[in-house]
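These are the residues of each chain, in order.
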Amino acid sequence: MDFGIAILAVIVVVGVPSITVLYALATERVLQLVPVRRRAGLRPWLWLLPGFAFLIVFLVYPTVYTIVLSLMDRRSKSFVGFDNFLELFGQDKFWQAIGNSALWLVFFTGITLAFGLLIAVLTDRVRYETAVKALVFIPMAVSFVAAGVIWNFMYAFNPEIGTVNAATVALGGEPQPWLFEWPRNTFMLIIVGIWMWVGFAMVILSAGLKGISAELLEAARIDGATEIQVFRRIILPLLAPTIAVVGTTIVIVALKTFDIVYVMTGGQFDTQVIGTLFYQERFTNRDAGTAAAVAVLLLLTIIPVMIVNIRRQQAQEATR
Amino acid sequence: MTTLRTMDDSDAPAALERRWWSRVPLHAVLVIVSLIWLVPTIALLVSSFRPASDVNTSGWWNAFQLPFGFTIDNYADVLSSNNVGQSFLNSLFISIPATVIPIMVAAFAAYAFAWMEFPGRNALFILVVALLVVPLQSALIPVLQLTTTVGLTGTFPAVWLAHTGFGLPFAIFLLRNFFGALPKEMFESAYLDGASPTTAFFRLVLPLSVPAIASLVIFQFMWVWNDLLVALILVGGFPKVAPLTVTIANMAGTLGQSWHLLTAAAFVSMVLPLIVFFSLQRYFVRGILGGSIKG
Chain A
1 MDFGIAILAV IVVVGVPSIT VLYALATERV LQLVPVRRRA GLRPWLWLLP GFAFLIVFLV
61 YPTVYTIVLS LMDRRSKSFV GFDNFLELFG QDKFWQAIGN SALWLVFFTG ITLAFGLLIA
121 VLTDRVRYET AVKALVFIPM AVSFVAAGVI WNFMYAFNPE IGTVNAATVA LGGEPQPWLF
181 EWPRNTFMLI IVGIWMWVGF AMVILSAGLK GISAELLEAA RIDGATEIQV FRRIILPLLA
241 PTIAVVGTTI VIVALKTFDI VYVMTGGQFD TQVIGTLFYQ ERFTNRDAGT AAAVAVLLLL
301 TIIPVMIVNI RRQQAQEATR
Chain B
1 MTTLRTMDDS DAPAALERRW WSRVPLHAVL VIVSLIWLVP TIALLVSSFR PASDVNTSGW
61 WNAFQLPFGF TIDNYADVLS SNNVGQSFLN SLFISIPATV IPIMVAAFAA YAFAWMEFPG
121 RNALFILVVA LLVVPLQSAL IPVLQLTTTV GLTGTFPAVW LAHTGFGLPF AIFLLRNFFG
181 ALPKEMFESA YLDGASPTTA FFRLVLPLSV PAIASLVIFQ FMWVWNDLLV ALILVGGFPK
241 VAPLTVTIAN MAGTLGQSWH LLTAAAFVSM VLPLIVFFSL QRYFVRGILG GSIKG
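In order, the protein sequence lines correspond to chains A and B. For the first sequence, the numbering used here begins at 1 and goes up steadily by one. For the second sequence, the numbering used here begins at 1 and goes up steadily by one.
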């Protein structure tokens, strides 16, 4: 067994990188075989080949094939048209998942952005900025799985174990089963997501904030603008493009939510979201058709964000 | 800007005092925010070092009363049983190639996108940007079928290859923007000196792009290390190759109330990302910025 691990370690640390380097060196050898005038035309394709091979095999083809599967039965044997979708639309659990994903979309995105902005703006004014930002950013480094364990522990019912219930009791309340009742449990899961992602929003917004000229802000203050006016009339409009970038990223995270729900409630107690419904259909119900249909619907909701990103990229390309 | 405020010197001390008071709410908010963000992690860390009997009967905040009863038994327990030790190694075996392969492959493609002329360059790059947001869920079922067909399901290479595919759009995007910003003259003089594009790539592009590559390495490593969905689907049923995330998710399902073990296992999974984060924070943040804001 130890011998196996040693071999594996060598493959992992030496073998894999060598193969990629050898490929690059081999490209010029291959080009030696073709006439000189063809080389410049052929070369870019050799450099693109491995990347696009991976993209096609692991993203393009599977996505297209998922669309095909969504039109087939549970064993992917026969064509059933839109039956999987119609069946989904007739099920309460589907609308439950859609409703929860909508809650994630609105509250997770909104609160994460608002908190990220608030912390970015507030830390900008104090000397211990770096320390606060590092603290808020830590959860970004942790897996959703670990975060799930952390917060299950926080939400534990026994006020002698769960921090949240201990605080509730200390404030004169009754201990609550935070994860059992809908819609409260979904909001409790959203809090975990917010805890993890505010750091991301904060870092980017803070960088955007540093890009706003200090003279401009100071001039407004000297002219008698209050801090709130400075924020609303200057900071907010100038940060708008950055907020849009962060917002689109977080919208994607919200729509793809899977790990937190999977680890903390397993989708029970009406906490199912689109991401976990997909998993349940495929692996608990063993219904590839319906699972694919869920995935297709998820993809459809993400297409607007995709279009926004492409537009943004083209606009940047124009200024390059 | 203080030099501009010389007209009303008599007001200055009063203004300063008003400022000091008005800043109290600011500090209060920041302290509260810091506490809220820190407490869950501290609770986990403290509990993971408390004996099982204590963890399950009294809150972690009681751990600071004398006499201290901290122990490393929980860690010894989870590392020797529950597959956590093996999973830690598996996570490493998964994460290292799943970081190296996509970044090298992405660097090749990014080099072509940034410094070579070919028909369809723009359209292909737009495809990469479009793929940036494709949800894993919409690709996973066929990928699982594919790995099963070729007999890779339940092996490390299945996860390496899948993560390479899924990580590539972001890696190509980030590196292409960075490579594209390198000075053109540098390539011209290199070619004049007879260097091939391959030489230019290894001798110029890669060394000059160390900051971008470093941030990408950290980003991809963290993403793979922390991934649950891909691992769950491709190697979830194979404890011998399952990474920490899968093992801990299973433990959370079966050992729900054994907090002393769960907290220790969770912390084992956090050690490496936290070390990477604290030592290389700068690069991590730069990776995030580079991917989101114009590179």
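Don't take every hint at face value.
If you only want the chain A side, here are some residues facing chain B, beta carbon under 8 Å, derived [said to hold, decoys possible]:
id : residue
1  : Val13
2  : Ala24
3  : Val30
4  : Leu59
5  : Tyr65
6  : Ile119
7  : Leu122
8  : Pro183
9  : Phe187
10 : Ile191
11 : Trp195
12 : Thr226
13 : Tyr262
14 : Gln268
15 : Ala292
If you anchor each label on the Cβ, the simulated ranges turn out as follows [unchecked claim]:
id : chain 1 : residue 1 : chain 2 : residue 2 : range
16 : A       : Val253    : B       : Gly69     : 51 to 61 Å
17 : A       : Arg127    : B       : Gln145    : 21 to 31 Å
18 : A       : Val253    : B       : Phe278    : 51 to 61 Å
Below, a sample of chain B positions facing chain A; criterion: calculated Cβ distance under 8 Å [unchecked claim]:
id : residue
19 : Ala28
20 : Val29
21 : Ile32
22 : Ser58
23 : Ile96
24 : Leu131
25 : Gln137
26 : Ala252
27 : Trp259
Derived by calculation from the structure, the hints in this document are not laboratory data. In this text, a Cβ means the ideal position worked out from N, Cα and C, and glycines have one as well.
Failing hints, ascending?
Violated hints (numbers, rising): 3, 8, 9, 10, 12, 14, 16, 17, 18, 19, 21; every other hint is consistent with the structure.
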